[in-house]
Amino acid sequence: MLSRVADSLYWTSRYLERAEHTARLIDINMGLMLDRSRVSAQRRWQRVLAAVGSAQGMGWHDDRDPNGEPERWPGVTALVHALCFDTTKHASITACIFAARENARQIRDEISTEQWQRLNGLFHEISRLRTASPSERNLAEFLPTIIDGVHLFQGVTDTTLSHGEGWQVLRVGRYLERAWCLTTLLDVYEREVFAGGDSDDTSEYLEWIGLLRTCTAFEAFCRVNTADLTHERILGFLLLDPDFPHSVHYAVDSLHNALEAIQQHTRTQHGGELMRVAGRLKATLGFAQVGEILAQDPVRYLRRILEQCREIHDLIYAVYIQYSVETALAV
Amino acid sequence: MTTMPLRGAQEHPLLREYFMDAAFDEMFDGDGAIRPHYQALFHELTTLPPEEIQRRKQSADASFLMQGITFTVYGREEGTERIFPYDLIPRLVTGEEWDRIERGLTQRITALNLFLHDVYNDQKILAQGVVPREVVYSCQQFRRQMRGLRVPRNVYVAIAGTDLLRLENGEYVVLEDNLRVPSGVSYMLTNRRIMKRTLPSLFRDYGVRPIDHYPQALLATLRSLAPEGRPEPTIVVLTPGVYNSAYFEHTWLARQMGVELVEGRDLVIHDNVVYMRTTAGLKRVDVIYRRVDDDFIDPLAFRGDSILGAAGLFNAYRAGNVTLANAFGTGVADDKALYAYVPAIIRYYLSEDPILNNVETYLLTDAKQRSHVKENLDKLVVKAVGESGGYGMLVGPQSSAAEREEFKRRIDSDPRNYIAQPTLCFSRAPCLLEDGSIGPRHVDLRPYILFGDKVTIVPGGLTRVALRQGSLVVNSSQGGGSKDTWVLSL
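Taken in order, these protein sequences are the chains called Z and G.
1 is the number of the first residue of the first sequence in the numbering used here; add one for each residue after it.
1 is the number of the first residue of the second sequence in the numbering used here; add one for each residue after it.
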């Protein structure tokens, strides 16, 4: 497969995963705002911004302040609207979907017609919704459209695209992005919510349900742990559960599988370091215990996972996409 | 031009829009009688209920759309796709007519390849004054870099698409040789697939000669041109990318041949060897069917601002490590001024008379011809030699006095840049109109010629149609469409 094609497949998949994650994050937090809570709206949405990337990325800073202290609070409606529709902000959902479609369009021939139709349909639907004036009704339609659209795309990907190298590249993109998004989210909660406190508080309880639901994990969590929410159990489940698709462990396992399959397809001689780093991350999560993590420094542990995800991304580029001519010919 | 309605038994309600004029009509002869080879088609069209014709038209539309044979229209509504305009009534060419066309095209492509070889090597034809040196050296498509360079099998033009017209007397003449990157072949083949489904029994009864082997023939041609010592050559199609209007064709050809479709940025040149960048490492490339113009193919050798090509490609080519089809510099042979010399070129290299004639052409560098043209601008067509696609033209009879004055000025300031030809009245073929009736529309014919270890011309080609009534412009960018071309076995 051409490196350019692999590159486009990888990003198509990453952008879609990110769009779905952001859509769910906004949806859940909009819901939480309805309940009376000690947590101020501003603090909650700062958390959301931290979870989708930098606050700077959303322009939520006073331009005159060189230290970039968050001073201008744009208000929930404007912020949510920007997070959903503003194409000049690369973290917005619309920007993600547009970028995914643009990547897919460059390789229209490498994906199935069904995949293209889903993605193109989603694009047109969003174009229609974003031109209308901002309203709650619009958002209520927009967020489920994104989530459904991405699910449909993933469904037709699995049923219509041959499960060869291209499919594996799509999986690499999806699971690397998922591991990244989940870890970032856990990191934010670890610092903002869990660090604060006592678990009896109702509002804390609401926040925890919000976290689980953002990861589509509430039902799956209850099935394993009952509805007994504790810091340790939530972190343990979202980080280390081997079977739940939105746990970091599961995402990293799947990422590792896909990378292994690609290595077999391409028979590359240069994949050693990539497989070592991916394998180490998989093993770290596979043999970890949540008690140990909490006893040490959970934030550092999560940051370390993020670093390794970044390392895996760089190695994928170095091995498959942007390798130098000299390394490639050195075999 | 006088027009007259049809006479006699052919007065059928479907033909209410049909009229005869000075142009040659593919279906009716001068007396308004149906030509023998069109009788079965005419019978089918007039016996099918009109609703049935419409139904088949709709199902053909749907197949075009489903197969993605569309071109994308950019602008506000991003991603709206339209189907390529086409006509449901096939154009018929008798076996006898075709055999002559085939011989004529083979003769022409052979002579033009000999010419290119000569011009880039010994230049005998220039030394003997058959073609004036000025014509070659003043051509913008002449590539000095190609002098003395050996190309595999001495084949410069491996893929050509020659535009033919049919004059009032029914004679096929050559309007233009497209020797650089001719397009449209995918429409020829997809038109055929859809017509087979639309009029299956008629197709069978006519015994139409097959064209479906074109992709294999193209692959075999490319393979035969591989550099020496590369018995299992890797072949790729090089496209300018997704924004090119012919991108559909590039992807389609790559898929049909089972080869990789690459862009310039996929290619890496190292030690004068061309590689493509794959996830499994660098893979050597031996033959490139390039759909990128000379100017853009290598920023080091040609236009430095090009991002469509690959840096160092020309050096790899010069080193003989990769074949490009077509070669660089073939444009010197399809220059509109050189065109006037093609009959002489055929006589010079092959000692034969041309089988297919040229359209009469006035060279404006010649003072006598220039003054004749300037006096008769209202009757002539003036074309800029470097333009294509129907742009940069003056159509005398439809021009205003101001436009003619403007062209006179342009001709005087740069006579080498223009040629003039009589306004041609080329043939018309029956087409299905919007209202369901059948009317005459002007058509040309572009057969596709492959030249590798042998000449292959699949029987037929792309018949382009000027879909607007009375229009003589068949270019798809200006309201043209296409129709299937059936070459009959007899």
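Honestly, the hints are just simulated from the structure, not real lab data.
These figures come from a predicted structure and were not determined experimentally.
Fair warning: there could be bad hints in the mix.
Stated by the list, open to error - Now the in silico label distances, taken between C-beta atoms and shown as ranges: (1) Asp305(G) - Glu114(Z): 47 to 57 angstroms; (2) Lys283(G) - Cys222(Z): 20 to 30 angstroms; (3) Gly164(Z) - Arg265(G): 22 to 32 angstroms; (4) Glu114(Z) - Arg100(G): 40 to 50 angstroms; (5) Glu273(Z) - Lys283(G): 44 to 54 angstroms; (6) Ala344(G) - Leu329(Z): 29 to 39 angstroms; (7) Glu273(Z) - Gly241(G): 48 to 58 angstroms; (8) Arg197(G) - Gly164(Z): 52 to 62 angstroms; (9) Pro74(Z) - Gly241(G): 32 to 42 angstroms; (10) Arg265(G) - Glu326(Z): 14 to 24 angstroms; (11) Glu114(Z) - Lys283(G): 22 to 32 angstroms; (12) Ser413(G) - Glu114(Z): 56 to 66 angstroms; (13) Ala78(Z) - Asp271(G): 35 to 45 angstroms.
What the hints assert, rightly or not - Far from chain G by the CB rule (all over 12 angstroms, computed), these chain Z residues: (14) Ala78; (15) Gln106; (16) Arg108; (17) Val193; (18) Thr226; (19) Glu273; (20) Val299.
Note that the Cβ used here is the ideal one computed from N, Cα and C, for glycine as well.
- Message: Taking the Cβ atom of Glu273(Z) and the Cβ atom of Lys283(G), is their distance within the range 44 to 54 angstroms?
- Response: violated (22 angstroms)
- Supplied distance hint 35 to 45 angstroms, evaluated on CB atoms of Ala78(Z) and Asp271(G): Between Ala78(Z) and Asp271(G), where Cβ atoms are some 57 angstroms apart, the hint is violated.
- Cβ-Cβ distance between Arg197(G) and Gly164(Z): within 52 to 62 angstroms? violated (31 angstroms)
- Does Arg108(Z) really sit off the interface, with its C-beta more than 12 angstroms from all C-beta atoms of chain G? Violated: least Cβ distance 7 angstroms, not greater than 12 angstroms.
- Query: Does Glu273(Z) really sit off the interface, with its C-beta more than 12 angstroms from all C-beta atoms of chain G?
  - Reply: holds (16 angstroms)
- Query: Does the Cβ distance between Glu273(Z) and Gly241(G) fall inside 48 to 58 angstroms?
  - Reply: violated (33 angstroms)
- Task: Taking the shortest Cβ-to-Cβ distance between Ala78(Z) and chain G, state whether it exceeds 12 angstroms.
- Result: holds (26 angstroms)
- Between Glu114(Z) and Lys283(G), does the beta-carbon spacing fit 22 to 32 angstroms? holds (30 angstroms)
- Just checking, Thr226(Z) versus chain G, shortest CB gap more than 12 angstroms? Consistent with the label, Thr226(Z) stays out of reach of chain G, its closest Cβ about 46 angstroms off (over 12 angstroms).
- Regarding Gly164(Z) and Arg265(G), is the given constraint of 22 to 32 angstroms on their beta-carbon distance met? 23 angstroms Cβ-Cβ, so the 22 to 32 angstroms window holds.
- Since Val299(Z) was said not to touch the interface, does its Cβ keep a gap of more than 12 angstroms from each Cβ of chain G? Fine: 36 angstroms to the nearest Cβ keeps Val299(Z) off the interface.
- Item | Gln106(Z) and chain G, when compared Cβ to Cβ, separated by more than 12 angstroms | Incorrect as stated: the minimum Cβ-Cβ distance to chain G is 5 angstroms, not above 12 angstroms.
Violated hints for the displayed structure, listed by number in ascending order: 1, 2, 5, 6, 7, 8, 13, 15, 16.
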